[in-house]
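Asks: Chain order of the listed sequences is R and F.
In this text, residue positions in the first sequence follow the working numbering: the first is 29, and each later residue adds one.
In this text, residue positions in the second sequence follow the working numbering: the first is 2, and each later residue adds one.
Please note: incorrect hints may appear among the correct ones.
Derived EDC-like pairs (lysine to aspartate or glutamate); straight-line CA-CA distance at most 16 Å [claimed, not checked]:
hint, chain 1, residue 1, chain 2, residue 2
1, R, Lys37, F, Glu43
2, R, Lys85, F, Asp98
3, F, Lys53, F, Glu70
4, F, Lys69, F, Asp3
5, R, Lys85, R, Glu103
6, F, Lys69, F, Asp56
7, F, Lys61, F, Glu77
8, F, Lys57, F, Glu70
9, F, Lys53, R, Glu128
Calculated from the structure, these hints are not laboratory results.
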Amino acid sequence: DSGVTQTPKHLITATGQRVTLRCSPRSGDLSVYWYQQSLDQGLQFLIQYYNGEERAKGNILERFSAQQFPDLHSELNLSSLELGDSALYFCASNLGTTNEQFFGPGTRLTVL
Amino acid sequence: GDSVTQMEGPVTLSEEAFLTINCTYTATGYPSLFWYVQYPGEGLQLLLKATKADDKGSNKGFEATYRKETTSFHLEKGSVQVSDSAVYFCALPSGGDKLIFGTGTRLQVFP
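Same shape as in the complex, but just chain F (with noise of 0.2 Å):
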């Protein structure tokens, strides 16, 4: 069946550093692929998607570029703030309209 597959966590980086979270999936055609964001406390919020091969998400200085050869879907970030701690979940739709996500990834930046 359909799943996604996430980098285990947590991820540690100080201000300014490059990020990258692996997400990668197995799916039946394709569809299209989210990243969703979960601050503490709070619930997930859309933070980038992609309807077909070859398209790049990109939102708040985030990017993932969906690569159909590699069935790949890469959370990267160029410079991270404290203020992107989270939690980051890569998510596909399956079986009709309901998501399952990875296993999410949580981020903690420090100045």
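Next up, chain R with everything else stripped away, as it sits in the complex (with noise of 0.2 Å):
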């Protein structure tokens, strides 16, 4: 156990909806990432938070954002959703001064 919570684990949802994924971090940790994984694209970076502010941007879609809350707790919204939107979504955290992260257990999402 990373000590990072996701919730939901699953979510089902159709074309043209708007989703919700949250992250809870490590205990003390202040950076977020969001990762997308997909058959097609692999492991791809989507954005990083660091203490409630956006750190680093990836490949993520306009469709897509995120945020990170006072109590470190982080959203990905989801928007406008399209089939090949279903993937792996992965948070990952540490504190910010180290490359090496912990993973969460991912939401999977799938859009029909």
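Fit chain to chain and form the complex, with the hints in mind.
Replies: Below is the structure:
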């Protein structure tokens, strides 16, 4: 158990809908990262927050957004969902001072 | 840009066989290198890491040595078990803190 929690574990929704994925980092970690794992793209970095501020952005679509709240949990919002958004979404965290990241169990999103 | 290349899988072995999963990288400077493992239905777990050239990371019988001459970080284990069946990812930090991953190598170990 990495100490990073993600909810929900599974999410099934329809095209055009909007969903929110939630992540709670390990106790004491200030940095949260979001990754997408799909069969065709592999593991791709989406976005990083550090202590409430966006720090780095990767291949994140404009339909996707994220935020980190004062209690350091983070949410990833996915809107206008398409079939191709079906994937595993992982959250990871660390102190923000090292490269090593600790991953949550992931949220499996299925868009029908 | 930075990149990680892993050998294609799946790798299929009998229990107690020797394992090598190749990983080579392209990077600016000498970043830390990681191996992560993903067991079925689970998230990624850090398996081992090396922070500088010639470092050897080890954990649970797995080893990998940071070779800057060959820009490689191959994963090895002397005797695999059925419980080692998983997907293994080589990774390095790039452009700050984010990790970039190889495509993953699926290992299947049969009794």
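Asks: Do the alpha carbons of Lys57(F) and Glu70(F) lie within 16 Å of each other, as the hint requires?
Replies: The hint holds at about 15 Å.
Asks: Between Lys61(F) and Glu77(F), does the CA-CA distance stay at or below 16 Å?
Replies: holds, 11 Å
Asks: Mind checking the alpha carbons of Lys85(R) and Asp98(F) for me, to see if they're no more than 16 Å apart?
Replies: Given that 16 Å is the threshold and the Cα spacing comes to 11 Å, the pair holds.
Asks: Between the alpha carbons of Lys85(R) and Glu103(R), is the straight-line distance 16 Å or under?
Replies: Holds - the C-alpha atoms of Glu103(R) and Lys85(R) are around 15 Å apart, at most 16 Å.
Asks: CA of Lys53(F) to CA of Glu70(F), is that 16 Å or under?
Replies: Judged against 16 Å, a Cα distance of about 12 Å means the pair holds.
Asks: Going straight from one Cα to the other, do Lys69(F) and Asp3(F) come out at no more than 16 Å?
Replies: holds, 14 Å
Asks: Keeping to a limit of 16 Å between CA atoms, is the pair of Lys69(F) and Asp56(F) held or broken?
Replies: holds, 10 Å
Asks: Between Lys53(F) and Glu128(R), does the CA-CA distance stay at or below 16 Å?
Replies: holds, 14 Å
Asks: Is Lys37(R) within 16 Å of Glu43(F), Cα to Cα?
Replies: Holds: Lys37(R) and Glu43(F) sit about 10 Å apart, inside 16 Å.
In the structure shown, no violation is registered for any of the earlier numbered hints.
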